[in-house]
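Reading the sequence shown from the start, the letters are residues 11 to 176 in my numbering.
Hint data in this document are derived by calculation from the structure and do not stem from the laboratory.
Just to be clear, a hint being listed does not mean it is correct.
If you anchor each label on the Cβ, the simulated ranges turn out as follows [unchecked claim]: (1) Ala108 to Ala146: 17 to 25 Å; (2) Ala137 to Ala57: 27 to 35 Å; (3) Gly138 to Val27: 42 to 50 Å; (4) Arg34 to Ser89: 12 to 20 Å; (5) Leu163 to Arg34: 14 to 22 Å.
Ideal Cβ placement from N, Cα and C applies to all residues, glycine included.
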Amino acid sequence: MNSMNSTNSMASIPGTVARIDFARTAPKVFRAVIGLDAAAREGLDPALVELIQIRASHLNGCAYCLHMHTNDARKAGESEDRLHMVAVWREARNFFTAKEQAALALTDAVTRVADAGVPDSVYAEAAGQFEGGELAQVIALILAINTWNRIALATAKVAGTDERQG
C-alpha cells in the first residue's frame, strides 16, 4: 500500500461502521508513512519489495494490501506460481532464492515480533544475504508494510479497491 487518496469505500457498504479517512484526518502522518515507504524501497529489487509486502499482508490478514501488492507483482512480471507460494514459502523454498527466503523469514519474524522477537538465526541469515545498508532498507520496508496493513485494517479498507488509482 504505497498511498491512498481521501475516500474510504467502507462507508458506502450497508451495515458497516464508517471509519476515518486517515489521509485526510492525519495528512502529516500519512505523508510521513509515504516517505518511509519510498525511502525503504529505494534501491531494492522490485520483485523482493512485492514479496515482502505480500508476505506481511498475508500474516496480518490485510486483504486490501494483499490484493494491491499481488496485482503490483503481476504487473511487474511476477509468476502466478511464485505468488501462490508466498503464503507457504517455507514448504516451497525451491520457488525462492536464498536472498528472498532470508527476506521472507525476516518479514515473518519482524511482523510477528510479539511472538518471539527476531531470533538471532533469522537475523544472521538476513545479514548474510544483504549488506548493511540494504538490510536496513529491508527492515524499514517490513516496518512500512506493517504500518500500511494496520492503517488499512483500522480504517476498514475494502479489498479489490486501489485508492492509489484515484
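Structure-based check of all given hints:
no., hint, result
1, Ala108 to Ala146: 17 to 25 Å, "holds, 19 Å"
2, Ala137 to Ala57: 27 to 35 Å, "violated, 21 Å"
3, Gly138 to Val27: 42 to 50 Å, "holds, 46 Å"
4, Arg34 to Ser89: 12 to 20 Å, "violated, 37 Å"
5, Leu163 to Arg34: 14 to 22 Å, "holds, 18 Å"
Going down the numbered hints, you'll see the structure goes against 2, 4, while the others check out.
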